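K.L.:
The residues making up each chain are set out below.
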Amino acid sequence: MTGGLFYPASSNNYTAANRPNSDPIGGIIIHVAQGSWASALNWFQNPAAQASAHYTVRSSDGFVGQSVLEKDIAWHAGNWSYNRASIGIEHEGFVANPAWFTEAMYDSSAWLCAYLCYKYGIPVDRYHIIGHNQVPDPYAPGQYGGVSNHTDPGSYWDWDKYMAYVWYYYG
Amino acid sequence: MFANLPTLYYQKQETKGEDVRPFVAVISIALLTAVLVSGCGQGSGEERGTGTSENSSIVEETQPQQETTSEDETTQQESSFTAAPEMNGGSDGAADSIREIRFSGHEGYERAVIAFGSEDAPASRVPIWSLSSPTGEGYARIAFPGVDNTSTSDGVFGGSILDNFYVVRAPSGGMFLDIFATGAFQYRVIELSDPGRLVVDYRPASVDLSFPIPARSERTVLFEPREGEAITSPLRVSGYSRNFEASNIVRLRDSSGNVLSQRSVLSNDWAENWGYFEASFEFPAFEGRATLGVGTDSPRDGLFEGVEVPVAYGGG
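Note that the protein sequences, when read in sequence, are chains A and B.
Just so you know, this note's numbering puts 111 at position 111 of the first sequence, and the rest follows in order with no gaps.
Every number in this note's numbering is 171 more than the matching position in the second sequence, counting from 1.
Note that these hints are calculated values from the structure, not bench results.
Every value quoted in this text rests on a predicted model; they were computed, and no experiment measured them.
Beta carbons are placed, not taken as given, at the ideal position from N, Cα and C, and that holds for glycine.
Each hint should be verified, as a subset may be incorrect.
To be verified - A few chain A positions that, by computed beta-carbon distances, are all more than 12 Å from chain B: (1) A53; (2) F63; (3) W80; (4) W167.
To be verified - If you anchor each label on the Cβ, the simulated ranges turn out as follows: (5) P20/A - D319/B: 53 to 59 Å; (6) A401/B - A140/A: 24 to 30 Å; (7) D291/B - A140/A: 44 to 50 Å; (8) G142/A - S451/B: 21 to 27 Å; (9) T403/B - A104/A: 47 to 53 Å; (10) N320/B - A99/A: 18 to 24 Å; (11) G142/A - R460/B: 24 to 30 Å; (12) Q45/A - P383/B: 31 to 37 Å.
Just need the whole structure built from these sequences, with the hints factored in.
P.N.:
Spelled out as structure tokens, the structure:
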């Protein structure tokens, strides 16, 4: 973990809440932004975006930008139930280009994920730390990736490595 | 929710130079005449006859005026409005960014001024550009292959003929600028230097558009297909968007609202600029009217956000 800063999203782009009291936090959703770290954080600050994630991790050095407080509900899953119950972590890069998934980014994101699991009592397993592509489409049974069937983090995301790092920091 | 994930997860695992350019106001009468004859269907009847191309296989190109005068001084030049389908100009490597796009209204026409930058400073000249103004359509597209950044991604002109604009990440590199009109128009282009600016003037043309203007919503612009189009499968779908994680949904519903087909397609940008997308979309035959929706389902609650156009089945 190389540190982080708060770049608050526009209040148009998330739902204010008082989690975990208002809504239990039961999982973490891993995203890939299909864009740069800075552009994602900037867009979440745009009132027109209508989307957000709690955290975005930079590829080059693992630096973390926070857009939405954990107590609030970010709009990232494409499934309201999952939004309410999760924390969304975006990662700079593109699903089709594994060069963006650096060691620094895996390491920093895993540290953050482990911290969140510890903080909210989230089990460290692949049932509670999931990819965006595993979020059910609420309107189409059997389809995933939220309503728009997102595919991130994609096949190049190294889940074995990531979960090993999460376990390392969690332990 | 997350308690249900074990089953859900295992079902989904596999998816895991020069400062001043010379004034080159040399547009031959013959070329101009040819352009006006074969032009866009946007010219006035007085200037270009019926508005129907007599030789649509010929792609006409004209050159812009290149001047060093101020933006205001160019208002004295009223001579070179055209409906030419293509035009190009600029200097290689002259700029790498769009710094600003301005609007001004004038008697008889309206003006968009594109100001360029080079290495974070105003550019002295205009970069390489090529304009296309497809026949009978209500927009012009200006490609800037050497431009990679923009400080403005879209905006509303709010004029009587100049409507709005989008700056889009081009699929082949660089960026393009779409300038939408409220109806049929003629245009002229003037290059200004020191600093480098491209002036694009629109004036209304007294003909009807041949095609509906592309459907636009807050974060999605759909170029293909157009409203009311008879479509065949596979259908080419193209446009640009700023939808979450560059993910766009293409969904065809029949007149009862049943989904006939849907697919997702990624655009080449979303968070920094408008991102271009295109896809081949297959669908079954249907009767009557259907509705094609292109956009995204809200990452918040799943409600559709985008454009919806009525379409008819074109056989095939």
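K.L.:
With respect to the beta-carbon atoms only, verify the hint that G142/A and R460/B lie 24 to 30 Å apart.
P.N.:
Holds - the Cβ-Cβ distance for G142/A and R460/B, about 28 Å, lies within 24 to 30 Å.
K.L.:
Does the Cβ distance between P20/A and D319/B fall inside 53 to 59 Å?
P.N.:
Given a distance of about 43 Å, which is not inside 53 to 59 Å, the answer is violated.
K.L.:
For the pair G142/A and S451/B, does the Cβ-Cβ distance stay inside 21 to 27 Å?
P.N.:
holds, 24 Å
K.L.:
CB of N320/B to CB of A99/A, is that within 18 to 24 Å?
P.N.:
Once the Cβ atoms are compared, 22 Å apart, the range 18 to 24 Å for A99/A and N320/B holds.
K.L.:
For W167/A, is the shortest beta carbon distance to chain B beyond 12 Å?
P.N.:
Holds, because the least Cβ-Cβ distance between W167/A and chain B comes to about 18 Å, which exceeds 12 Å.
K.L.:
Is it the case that F63/A keeps its Cβ farther than 12 Å from each residue Cβ in chain B?
P.N.:
holds, 17 Å
K.L.:
Measuring from beta carbon to beta carbon, are T403/B and A104/A in 47 to 53 Å?
P.N.:
Holds, since T403/B and A104/A (Cβ atoms, about 49 Å apart) stay within the stated range.
K.L.:
Measuring from beta carbon to beta carbon, are Q45/A and P383/B in 31 to 37 Å?
P.N.:
holds, 34 Å
K.L.:
Evaluate the condition: distance from the CB of A53/A to the nearest CB of chain B exceeds 12 Å.
P.N.:
At roughly 9 Å from the nearest Cβ of chain B, A53/A sits no farther out than 12 Å, so the non-interface label is violated.
K.L.:
Can we trust that W80/A is non-interface, i.e. its beta-carbon lies farther than 12 Å from all of chain B?
P.N.:
violated, 5 Å
K.L.:
Falls inside 44 to 50 Å, the C-beta gap from D291/B to A140/A?
P.N.:
holds, 47 Å
K.L.:
Verify the CB-CB distance for A401/B and A140/A against the hinted window 24 to 30 Å.
P.N.:
holds, 28 Å
Checked against the numbered hints listed earlier, the structure breaks hints 1, 3, 5; every other hint is satisfied.
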